[in-house]
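Protein chains in written order, with the numbering used here: chain A, 1 to 464; chain B, 1 to 464.
There's no promise every hint is true.
As the list makes no split between identical chains, a pair holds if one copy fits it or if it spans any two.
[Unchecked claim] Okay, derived cross-link-like pairs now, BS3-like style, lysine-lysine, Cα gap no bigger than 27 Å in a straight line:
id, residue 1, residue 2
1, LYS281, LYS429
2, LYS171, LYS193
3, LYS127, LYS268
4, LYS25, LYS77
5, LYS268, LYS281
6, LYS53, LYS193
7, LYS63, LYS193
8, LYS13, LYS429
9, LYS393, LYS311
10, LYS171, LYS134
11, LYS127, LYS77
12, LYS286, LYS26
13, LYS91, LYS127
14, LYS153, LYS193
15, LYS26, LYS13
16, LYS393, LYS153
17, LYS429, LYS193
18, LYS25, LYS193
Simulated from the structure, these hints should not be mistaken for laboratory data.
There are 2 protein chains.
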Amino acid sequence: MDEIIDIEIVDIKLIEKALELLEEKKFSELRSLLEEQNPADINDVIDELSDEKSVLIYRLLPKELAAEVFVEMDSDKQEYLINIFSDSQLKDVLDELYYDDTADIIEEMPATVVKRILKVASPDVRKAVNELLKYPEDSAGSIMTTEFVRLRKSYTVEESLEFIRSVGVNKETIYTCYVTDDKNHLIGIVTAKDLLLSERNEIIADIMEDNVISVNTLADTESIALMFGKYDFLALPVVDNEDRLVGIITVDDAIDVMQEETEEDFSKISAITPNDTEYLKTSVFKLWASRIPWLMILMISATFTGMIISKFESALAVLPILTAFIPMLMGTGGNAGSQASVTVIRGISLGQVEFRDFFRVLWKECRVSLLCGIVLGVAAVGKVMLVDNFLMKNPEVTIFVALVVGITLFATIVSAKIIGCALPLLAKKIGLDPAVMASPLITTLIDTVSLLVYFYFATVILNI
Amino acid sequence: MDEIIDIEIVDIKLIEKALELLEEKKFSELRSLLEEQNPADINDVIDELSDEKSVLIYRLLPKELAAEVFVEMDSDKQEYLINIFSDSQLKDVLDELYYDDTADIIEEMPATVVKRILKVASPDVRKAVNELLKYPEDSAGSIMTTEFVRLRKSYTVEESLEFIRSVGVNKETIYTCYVTDDKNHLIGIVTAKDLLLSERNEIIADIMEDNVISVNTLADTESIALMFGKYDFLALPVVDNEDRLVGIITVDDAIDVMQEETEEDFSKISAITPNDTEYLKTSVFKLWASRIPWLMILMISATFTGMIISKFESALAVLPILTAFIPMLMGTGGNAGSQASVTVIRGISLGQVEFRDFFRVLWKECRVSLLCGIVLGVAAVGKVMLVDNFLMKNPEVTIFVALVVGITLFATIVSAKIIGCALPLLAKKIGLDPAVMASPLITTLIDTVSLLVYFYFATVILNI
Chain A
1 MDEIIDIEIV DIKLIEKALE LLEEKKFSEL RSLLEEQNPA DINDVIDELS DEKSVLIYRL
61 LPKELAAEVF VEMDSDKQEY LINIFSDSQL KDVLDELYYD DTADIIEEMP ATVVKRILKV
121 ASPDVRKAVN ELLKYPEDSA GSIMTTEFVR LRKSYTVEES LEFIRSVGVN KETIYTCYVT
181 DDKNHLIGIV TAKDLLLSER NEIIADIMED NVISVNTLAD TESIALMFGK YDFLALPVVD
241 NEDRLVGIIT VDDAIDVMQE ETEEDFSKIS AITPNDTEYL KTSVFKLWAS RIPWLMILMI
301 SATFTGMIIS KFESALAVLP ILTAFIPMLM GTGGNAGSQA SVTVIRGISL GQVEFRDFFR
361 VLWKECRVSL LCGIVLGVAA VGKVMLVDNF LMKNPEVTIF VALVVGITLF ATIVSAKIIG
421 CALPLLAKKI GLDPAVMASP LITTLIDTVS LLVYFYFATV ILNI
Chain B
1 MDEIIDIEIV DIKLIEKALE LLEEKKFSEL RSLLEEQNPA DINDVIDELS DEKSVLIYRL
61 LPKELAAEVF VEMDSDKQEY LINIFSDSQL KDVLDELYYD DTADIIEEMP ATVVKRILKV
121 ASPDVRKAVN ELLKYPEDSA GSIMTTEFVR LRKSYTVEES LEFIRSVGVN KETIYTCYVT
181 DDKNHLIGIV TAKDLLLSER NEIIADIMED NVISVNTLAD TESIALMFGK YDFLALPVVD
241 NEDRLVGIIT VDDAIDVMQE ETEEDFSKIS AITPNDTEYL KTSVFKLWAS RIPWLMILMI
301 SATFTGMIIS KFESALAVLP ILTAFIPMLM GTGGNAGSQA SVTVIRGISL GQVEFRDFFR
361 VLWKECRVSL LCGIVLGVAA VGKVMLVDNF LMKNPEVTIF VALVVGITLF ATIVSAKIIG
421 CALPLLAKKI GLDPAVMASP LITTLIDTVS LLVYFYFATV ILNI
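Pulled out of the complex, with its shape left as it was, chain A reads as follows (with noise of 0.2 Å):
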């Protein structure tokens, strides 16, 4: 069978090429090679400039590929564009974009850039752009755009495709129109698949889909982002309280959502606090800035395990090979608990599992993790006495250690994968991240269930 091939999606030549033409000041070759370009692509480029760089690189592009290329900025280099800028050019950038990209643009500025970009907005652009920043993070309406196309119910067809052509080239997309009533409720949608594929006199009520899905301006980004997958949507309307349309999500900035929400959740589960920048590009400081939190918080909580092992000082002094099986203990009661709580919380996260499921959510983890714990359980006794007794003839290791260690690791996994499936859960209910569980909390728990059915058993078991 032929060989799957690997495509980088960075255009490493193009870089290059750019590259070597900056340096040998050919800029009419470069302009002609970057014209040439996706916007994401010419971004690659500049990503790898300084910030003057960057300048001579933007300044050589035609205007609307211009900003089609500072959308997809870094946020400092476009600060350090905009500070740059006379009034009248931030005015042209302002006016080639769309409004939800200003407001987005706008989040990430400082209040003095904020005031001047305001300042120097054309009045439609500011009444737009303020609208947008009233959303709160995350929801609906701070991703939404207001710039689709709105047909009426008694238009035709005909009708319908001039008035996409009098005012499309302005819109984010025409390929969903979205039909309102006098009260700008939203009716229906028509697709311009639709539109095509009809004949010129059909009216739009008899042709428009009435029975449209839309989420209101506060509904969650995450929530919305699955829709997408789910749905196979192209755009999604969002309305206000009053069933107003008020805007359209794009799919593309549902991609975007989706990828965020995914990192975060990624930075989450390795403890780690999540941090928007590209690896390679997030600086030393602000990497360990993400990471010592919860390295912190981890070592301090093992002063509990550290105290039940002191405590069980004595036992240890009896029969310190107990000592040796420590690690594997709580190396396979922490890998048992993650996969459950992050098999949870992504249930969580894409809104299969809900606190509603808690009690079929514990059955199930129960049911499997009885099933590990006594394969894995059998496994440890038979390899602590293969291993430990007869290859290596530690005169310590009894079948009775044996069991202790095998019946340990059984308790442990049963306490791992229910404590790893319900803290998610929990947290959820109670308004937290149920992501932020699978680390450092759910370890230190399970470890210290882990050692204190150990030692109860090494005492009973084992008379020490």
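Put chain B on the given structure of chain A with help from the hints.
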């Protein structure tokens, strides 16, 4: 500020209402209810039902909607339905499906069902599907569709619109049209927006975008999904080795890939064999099977750490308090390692980090780990002196013990971060999946290093 509304992407009320109507055998009411729904929502209802009752619902739906719902269904239900379909019923469904959906369904079916599908399918379908099935899993060819609109550069806008009207209804998207030459080479794209906003007599050659980004049939789907995120495409053309256009990938399929790849990564970094069914729908046995192998590997690999501890049993017997710090050292090491490894694994998955960045990554992690190690090492010395020495007045704990713990913690964190960032990159280099490196191997290595360092400094500084 207003509160974000947590929306549910499964419509519980619809499901309850549908089940109620089904229970009461109010079929015509049920049909009217379902006819208004999105296929994905109807499938949520079917998901709650037995195979027999699913058939009841399925038979109520109008032909076209039924086919759309069929695509959404679990492969088990699809297989059940296909088995009870007559040949002509099966053909009706197949005629309604897009070729790529048929190919996807076939991939999940046992050989006998596949044979029957291909026998019943019309020659066109059979040919197209056989073509698609040739491509290896995870290749562009395996997720593309061959139903797209092909234009000639000599067409006028008017002719193109007429052409779309004649063929569009069977195409998966008409929003991006592809311009090809006599030899079927892709020479440009025209969007429906371009067509709608241009004058009717303009020539395609003049309005088409001729700098087109395309991928080879064998390009890997994970990178393709990232391209959709980067370039905001609605569709991406796929070409063969001779640069002939053979298909397109639409954004909804790219989103599916993105979601699958993400879940695979989450599974792997939590030491679970990936599995594409929803958690609550996965059987206990399947969950067990996806979790036990890694737990077993981890348990067995912990033999090493056990052996190290046995070897230093006498040192621990002299100063039993040393045992109390082992969980903290290993726990912090594990966390520090997974912070680095998950960060790098995600960087690789997102195409932001490549093997050629090896030394950049290593240098970054060295500095981050020095910072983390110094802070935590000092904090550990302080904590041990404050809690164990001063508060708990443990006579065994001296400043030298605290120093051993602090130095070991420092060394553990530095080595954990270096191992954590290096292994995924090395795995990538030799063609293994970086995500698989996250748990077992890294944990075992870090635990081993940390114990060796601990006992080394314990013997040197404490003279035991």
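field: Alpha-carbon proximity context of LYS91 and LYS127, limit 27 Å
entry: Result: close within a single copy only, 15 Å intra versus 55 Å inter.
query: Under a CA distance limit of 27 Å, which applies to LYS26 and LYS13: within one copy, between copies, both, or neither?
result: For LYS26 and LYS13, the Cα distance is within 27 Å only inside one copy (17 Å; across copies 65 Å).
query: For LYS429 vs LYS193, is the C-alpha pair at or below 27 Å within one copy, between two copies, both, or neither?
result: Answer is neither: 43 Å inside a copy and 46 Å across each miss the 27 Å cutoff.
query: Is it within, between, both or neither when you check LYS171 against LYS193 at 27 Å Cα-Cα?
result: Classified as both; 17 Å inside a copy, 10 Å across copies.
Intra- versus inter-subunit Cα pairing at 27 Å for LYS393 with LYS153: neither (87 Å within a copy, 82 Å between copies)
Same-copy or cross-copy closeness of LYS127 to LYS77 [CA-CA at most 27 Å]: The answer is within: 25 Å in one copy meets 27 Å, while 52 Å across copies does not.
- request: Since the copies are identical, ignore which copy is meant and state whether LYS268 and LYS281 lie within 27 Å (CA to CA) inside a copy, between copies, both or neither.
  value: Classified as both; 20 Å inside a copy, 26 Å across copies.
- prompt: At most 27 Å between C-alpha atoms: does LYS25 with LYS77 qualify within a copy, between copies, both, or neither?
  reply: within (22 Å within a copy, 64 Å between copies)
query: Can you tell me if LYS13 and LYS429 fall within 27 Å by alpha carbon in one copy, between copies, both or neither?
result: between (50 Å within a copy, 21 Å between copies)
query: For the identical chains here, do LYS53 and LYS193 meet the 27 Å Cα criterion within one copy, between copies, both, or neither?
result: neither (44 Å within a copy, 35 Å between copies)
- prompt: Within a copy, between copies, both or neither: where do LYS127 and LYS268 come within 27 Å Cα-Cα?
  reply: Neither way: LYS127 and LYS268 sit 37 Å apart in one copy and 48 Å across, limit 27 Å.
query: Is it within, between, both, or neither for LYS25 and LYS193, if the alpha carbons may be no more than 27 Å apart?
result: Close neither inside one copy (47 Å) nor across copies (37 Å); limit 27 Å.
Violated hints for the displayed structure, listed by number in ascending order: 3, 6, 12, 16, 17, 18.
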